[in-house]
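Novice: Sequence:
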Amino acid sequence: MTKKEAKAYRDRWHRVNQVIADELRRTPPEIKFRKMDAAYRIAAGLGLLPRMKALKQESEREVRRRWLQLKTTTP
0 MTKKEAKAYR
10 DRWHRVNQVI
20 ADELRRTPPE
30 IKFRKMDAAY
40 RIAAGLGLLP
50 RMKALKQESE
60 REVRRRWLQL
70 KTTTP
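Mind the numbering: the sequence shown is residues 0 to 74 in numbering that gives the first Met the number 0, read in order.
It is worth saying that the hints were derived from the structure and are not from the lab. Model, not experiment: these values are computed from the prediction. Certain hints may be false.
Within a straight-line C-alpha distance of at most 25 Å, the following computed BS3-like cross-link-like pairs (lysine-lysine) qualify [to be verified]: (1) LYS52 <-> LYS31; (2) LYS55 <-> LYS70; (3) LYS55 <-> LYS34; (4) LYS34 <-> LYS52.
Construct all of the structure, not just a fragment, from the sequences and the given hints.
Specialist: In structure tokens, the structure reads:
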């Protein structure tokens, strides 16, 4: 692949990405919501949501622990 071909390849993909971004901007909110709902239902069906909830709870516990540590160590 020559430098010219590589630039043409990169430029084509840049245009593709621009078209995709434009399509996403023009997508109505109700379609975006339907897609998000479908993704949520798939995650629930695969059993991913309980794991995500557990990770979130663990993260929240860690944040609380750090805040408590900051409160007790600062004057």
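Novice: Decide, hint by hint, whether the structure agrees.
Specialist: Taking the hints in turn, this is what the structure says about them:
1. As the CA atoms of LYS52 and LYS31 are separated by approximately 23 Å, the hinted pair is consistent with the 25 Å bound.
2. For the hint linking LYS55 to LYS70, the alpha-carbon distance of about 22 Å falls within 25 Å, and the restraint holds.
3. Between LYS55 and LYS34, the direct Cα distance comes to roughly 23 Å. Compliance with the 25 Å bound is thereby established for this hinted pair.
4. Between LYS34 and LYS52 the alpha-carbon distance is near 21 Å, which keeps this suggested pair within the 25 Å criterion.
In summary, this structure violates none of the numbered hints.
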